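Produce the entire structure from the sequences given, and follow the hints as far as they go.
Chains as they are written, first to last, in the numbering used here: chain Y, 64 to 300; chain D, 64 to 300.
Each hint should be verified, as a subset may be incorrect.
[To be verified] Listed next, the in silico DSS-like pairs over lysine-lysine satisfying Cα-Cα at most 27 Å (straight line): (1) D/Lys125 / D/Lys92; (2) D/Lys122 / Y/Lys156; (3) Y/Lys92 / D/Lys156; (4) Y/Lys191 / Y/Lys156; (5) Y/Lys191 / Y/Lys204; (6) Y/Lys156 / D/Lys191; (7) D/Lys204 / D/Lys119; (8) D/Lys156 / Y/Lys156; (9) D/Lys156 / Y/Lys191; (10) D/Lys156 / Y/Lys204; (11) Y/Lys156 / D/Lys119; (12) D/Lys125 / D/Lys156.
[Claimed, not checked] Now the stretches of chain D that chain Y is said to cover, found in silico as 3 or more residues with beta-carbon under 8 Å: (13) 169–176; (14) 199–213; (15) 274–283.
[What the hints assert, rightly or not] The following residues of chain Y were derived to be distant from chain D, with all beta-carbon distances above 10 Å: (16) Gly85; (17) Leu170; (18) Pro177; (19) Gln263.
Keep in mind that the hints were calculated from the coordinates and are not lab data. In this text the structure is predicted, and so the values were computed from the model without any measurement. Ideal Cβ positions, reconstructed from N, Cα and C, are used throughout, including at glycine.
Protein chains: 2
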Amino acid sequence: MTHRIAIPGASLVEHESISVEGDEAHHAKRVMRLDVGDAVEVLDGAGGIASCRILKCEKLGKREGWRMEVVPERVRRVPPITPHVEVLSEPPKGNDLVRMIDQLSQLGVARWSPLACARSEVEPRAHKLDRIRRTAVEASKQCGRAWALEIGERIAFEDALRAEPGTRVVVCHQNGGAYRSTSAERVRLLVGPVGDLTEQELQAAQAANAEIATFGPLTMRIDTACCAASAVTLASL
Amino acid sequence: MTHRIAIPGASLVEHESISVEGDEAHHAKRVMRLDVGDAVEVLDGAGGIASCRILKCEKLGKREGWRMEVVPERVRRVPPITPHVEVLSEPPKGNDLVRMIDQLSQLGVARWSPLACARSEVEPRAHKLDRIRRTAVEASKQCGRAWALEIGERIAFEDALRAEPGTRVVVCHQNGGAYRSTSAERVRLLVGPVGDLTEQELQAAQAANAEIATFGPLTMRIDTACCAASAVTLASL
Numbered sequence: 064m065t066h067r068i069a070i071p072g073a074s075l076v077e078h079e080s081i082s083v084e085g086d087e088a089h090h091a092k093r094v095m096r097l098d099v100g101d102a103v104e105v106l107d108g109a110g111g112i113a114s115c116r117i118l119k120c121e122k123l124g125k126r127e128g129w130r131m132e133v134v135p136e137r138v139r140r141v142p143p144i145t146p147h148v149e150v151l152s153e154p155p156k157g158n159d160l161v162r163m164i165d166q167l168s169q170l171g172v173a174r175w176s177p178l179a180c181a182r183s184e185v186e187p188r189a190h191k192l193d194r195i196r197r198t199a200v201e202a203s204k205q206c207g208r209a210w211a212l213e214i215g216e217r218i219a220f221e222d223a224l225r226a227e228p229g230t231r232v233v234v235c236h237q238n239g240g241a242y243r244s245t246s247a248e249r250v251r252l253l254v255g256p257v258g259d260l261t262e263q264e265l266q267a268a269q270a271a272n273a274e275i276a277t278f279g280p281l282t283m284r285i286d287t288a289c290c291a292a293s294a295v296t297l298a299s300l
Numbered sequence: 064m065t066h067r068i069a070i071p072g073a074s075l076v077e078h079e080s081i082s083v084e085g086d087e088a089h090h091a092k093r094v095m096r097l098d099v100g101d102a103v104e105v106l107d108g109a110g111g112i113a114s115c116r117i118l119k120c121e122k123l124g125k126r127e128g129w130r131m132e133v134v135p136e137r138v139r140r141v142p143p144i145t146p147h148v149e150v151l152s153e154p155p156k157g158n159d160l161v162r163m164i165d166q167l168s169q170l171g172v173a174r175w176s177p178l179a180c181a182r183s184e185v186e187p188r189a190h191k192l193d194r195i196r197r198t199a200v201e202a203s204k205q206c207g208r209a210w211a212l213e214i215g216e217r218i219a220f221e222d223a224l225r226a227e228p229g230t231r232v233v234v235c236h237q238n239g240g241a242y243r244s245t246s247a248e249r250v251r252l253l254v255g256p257v258g259d260l261t262e263q264e265l266q267a268a269q270a271a272n273a274e275i276a277t278f279g280p281l282t283m284r285i286d287t288a289c290c291a292a293s294a295v296t297l298a299s300l
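Encoded structure:
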């Protein structure tokens with residue numbers, strides 16, 4: 064497999080060289096031992112995949128590390144995965160959040176955002192969100208996602224029930240029915256907190272015409288519930 | 064939620080007291096601070112759930128720790144989850160295996176066994192299998208599984224294709240078709256190694272009439288693939 068380099072927001076134009084610095088340059092040079100003439104793939108995280116050759120490789124200094132110049136020989140544009148699956152949940156504690164973002168990336172989920180429920184306990188810190196943005200970019204390289212998983216802002220449960228038109232909103236809950244497959248292009252999955260959704264929240268979901276569905280016979284931890292619901296939604300076409 | 068105690072193979076008979084020792088007794092007494100008269104649930108890992116009261120609680124000694132006598136007031140027998148889903152895969156490396164067993168337990172998978180493929184790299188050591196048996200028991204308590212996830216012996220890919228009658232064998236592969244839901248009572252999911260299945264293995268799967276199915280649009284790590292395939296299989300009734 065060709066080594067992948069992620070440069071979110073990079074401009075990918077055939078024959079116009081791209082500068083690669085920092086960790087990506089260090090990893091390509093020192094870990095993968097790539098050098099001038101070798102092939103790499105550059106992902107812009109927004110559907111662009113450029114098959115490149117390394118044109119130049121130089122050491123800027125001890126602190127600055129390495130810098131590469133790579134030239135796209137061919138640029139492909141890949142459409143986003145359908146349906147567009149968005150997951151909103153309380154952030155699982157500790158390292159489970161990072162691992163969940165990695166798994167959701169591999170599953171093909173488009174976006175994850177922290178969900179604020181009445182019984183939510185965990186509010187993610189800014190540095191944690193930065194860390195999982197990096198996780199999402201790393202996961203994209205590993206599983207070859209042309210579109211990186213987006214990390215959204217925290218949103219209140221009641222607001223999350225109101226999605227843009229054409230979106231199917233599904234509340235994952237142990238007492239729900241079996242998930243019904245959909246032809247909707249956008250699916251929003253809401254996973255409640257450890258302490259469960261309140262009666263009031265479930266009523267609000269019904270009033271907003273959200274589907275209340277269960278994705279397994281047992282009580283699942285948040286990260287497992289998010290993965291199960293995503294896998295089922297993306298497989299039910 | 065009533066505190067759960069797992070005693071694999073315990074005999075659960077109403078009014079016949081059960082002895083609880085070791086970690087389970089220590090955890091109930093010292094962490095959960097339970098004592099005589101408190102309610103606990105004892106799981107035998109084979110469908111039995113006993114609602115008990117603590118009758119006695121004594122310290123055996125510094126090394127031996129605590130011992131409890133609990134009395135079942137009511138014993139329920141719960142049928143196994145259907146369909147009976149069995150997952151066979153190369154063991155993910157390091158701690159990923161432990162985490163995967165935990166997730167598969169929550170999803171309702173009945174059994175996991177290590178799979179030996181032509182390109183397999185990892186053969187799990189005995190102490191690792193012991194560790195994940197404990198993980199499966201712990202997970203049962205957390206998600207309230209009456210039947211603990213079983214850990215099977217290592218089996219060769221070609222042998223795994225031959226399952227007992229009434230079992231649907233599904234090979235999870237990136238180039239497969241969409242999974243077709245089944246009314247089979249038993250489903251066996253085979254997930255190939257990091258280096259992929261060989262052409263010969265895929266041909267053997269076809270010759271054995273196994274279904275070759277994909278469970279997501281991207282390349283997944285082994286643990287994610289096992290979870291996705293299990294979630295979809297258990298949700299497709």
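Problem set entry | Numbered hints the structure breaks, given as an ascending list | 2, 11, 12 and 17
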